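Colleague: One letter stands for each residue in the lines below.
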Amino acid sequence: DVKVTQSSRYLVKRTGEKVFLECVQDMDHENMFWYRQDPGLGLRLIYFSYDVKMKEKGDIPEGYSVSREKKERFSLILESASTNQTSMYLCASSPSGSLSYEQYFGPGTRLTVT
Amino acid sequence: AQSVTQLDSQVPVFEEAPVELRCNYSSSVSVYLFWYVQYPNQGLQLLLKYLSGSTLVESINGFEAEFNKSQTSFHLRKPSVHISDTAEYFCAVSPLNRDDKIIFGKGTRLHILP
Numbered sequence: 001d002v003k004v005t006q007s008s009r010y011l012v013k014r015t016g017e018k019v020f021l022e023c024v025q026d027m028d029h030e031n032m033f034w035y036r037q038d039p040g041l042g043l044r045l046i047y048f049s050y051d052v053k054m055k056e057k058g059d060i061p062e063g064y065s066v067s068r069e070k071k072e073r074f075s076l077i078l079e080s081a082s083t084n085q086t087s088m089y090l091c092a093s094s095p096s097g098s099l100s101y102e103q104y105f106g107p108g109t110r111l112t113v114t
Numbered sequence: 115a116q117s118v119t120q121l122d123s124q125v126p127v128f129e130e131a132p133v134e135l136r137c138n139y140s141s142s143v144s145v146y147l148f149w150y151v152q153y154p155n156q157g158l159q160l161l162l163k164y165l166s167g168s169t170l171v172e173s174i175n176g177f178e179a180e181f182n183k184s185q186t187s188f189h190l191r192k193p194s195v196h197i198s199d200t201a202e203y204f205c206a207v208s209p210l211n212r213d214d215k216i217i218f219g220k221g222t223r224l225h226i227l228p
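Protein chains in written order, with the working numbering: chain D, 1 to 114; chain S, 115 to 228.
Keep in mind the hints are simulated off the structure, nothing from the lab. Certain hints may be false.
Taking lysine to any residue and the SDA-like style, the derived pairs with C-alpha atoms no more than 25 Å apart in a straight line are [claimed, not checked]:
id : chain 1 : residue 1 : chain 2 : residue 2
1  : S       : K163      : D       : E30
2  : S       : K220      : D       : Y64
3  : S       : K163      : S       : E178
Coverage of chain D stretches by chain S, computed from C-beta distances (three or more under 8 Å per stretch; other residues unrestricted) [unchecked claim]:
id : segment
4  : 36 to 49
5  : 104 to 114
Have a look at the derived ranges for each label pair, beta carbon to beta carbon [what the hints assert, rightly or not]:
id : chain 1 : residue 1 : chain 2 : residue 2 : range
6  : D       : T5        : S       : Q124      : 28 to 36 Å
7  : S       : G167      : D       : D28       : 23 to 31 Å
8  : D       : S80       : S       : N175      : 42 to 50 Å
9  : D       : M27       : S       : L165      : 15 to 23 Å
Computed from a predicted model, the values in this text were never measured in an experiment. For every residue, glycine included, the Cβ atom is placed at its ideal position computed from N, Cα and C.
This is chain D alone, in the form it adopts within the complex:
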C-alpha cells in the first residue's frame, strides 16, 4: 500500500516563526502536492511538484514556499507564519506522469499559529 507520512499531526507556532512541514511517500511517485483544508472551503492547492527540484504554484501560493530535493520528500515552508495560516495541511502524492491520476493523502498536520 502507498504510504504518505507527515512529520507532525499537530503543531503550534507563534506569529513570525518559520515553519517547516515535511511529507514523505514510499511509493516512488513523481507527483506530490500540498493542500490546505478549511471549513466550507474544501481543499485548496498551495504548491505541487512533478519531479525532483521542480515545483509549480497552485491556487494559493502566497506566504508559502516548497522544496523537493529528493523524490520521496516534499516540504512546505511558511517563511513567516501568520494567524491566517492556521489550518489543516494535507500532503498527497500520485504516480507517474499525469497529474490526473488519483492521489494518496497523508494524515494531515493541524497547524495553529498564535
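Dock chain S against chain D, hints included.
Modeller: Then chain S, alone, in the frame of chain D:
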C-alpha cells in the same frame, strides 16, 4: 477548465436509512471522477473512482456511485448507512488524458443520527 459542485454541505440521516450525496461537474473534455472520504482527524482516502467502462462503480464498504454523462453527475449512494460512515465526503474530477490537476469539491459532511 473543470469544476465540481457538491450541492449539500451537510447531510443528516438516520442510521440504517439510505443516503445520496450529490456531485455535479463541468468539463469540456472527458473526465475521471473520484469520491474521497475523510474520517475525523484523518487524511483523505479514495472511496471509489470512475475511469471508464461500467458507469456504476462500487466501494468495498457498500457505497456506489453512478456516472451520468448527460447530467454531468456522479452521485454517491448507500442503501443503509452505519454510524461508522460519519465523515466528510469529497467529489473530485480530473481531465482524461491531459496533464491537468484533480479538482476537488468543497465536501459534504455526513451526520449519522442514532
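Colleague: Per the coverage rule (Cβ-Cβ under 8 Å, at least three residues), is the segment 36 to 49 of chain D covered by chain S?
Modeller: holds (count 6)
Colleague: Per the coverage rule (Cβ-Cβ under 8 Å, at least three residues), is the segment 104 to 114 of chain D covered by chain S?
Modeller: holds (count 5)
Colleague: Confirm or reject the claim that D/T5 and S/Q124 have a C-beta distance inside 28 to 36 Å.
Modeller: holds (31 Å)
Colleague: Return holds or violated for the Cβ distance of D/M27 and S/L165 against the range 15 to 23 Å.
Modeller: holds (19 Å)
Colleague: Does D/E30 sit within 25 Å of S/K163, going by the straight-line distance between their CA atoms?
Modeller: holds (21 Å)
Colleague: Mind checking the alpha carbons of S/K163 and S/E178 for me, to see if they're no more than 25 Å apart?
Modeller: Roughly 10 Å separates the two Cα atoms, so the pair holds.
Colleague: Is the straight-line distance between the alpha-carbon of S/K220 and that of D/Y64 25 Å or less?
Modeller: Satisfied, since the Cα-Cα distance of roughly 22 Å is no more than 25 Å.
Colleague: Quick one: are D/S80 and S/N175 within 42 to 50 Å, going by C-beta?
Modeller: This hint holds: roughly 43 Å between Cβ atoms.
Colleague: Could you say whether the range 23 to 31 Å given as a hint is met by the Cβ separation of S/G167 and D/D28?
Modeller: Cβ of S/G167 to Cβ of D/D28: about 27 Å, so the range 23 to 31 Å holds.
When held up to the earlier numbered hints, the structure conflicts with none and fits them all.
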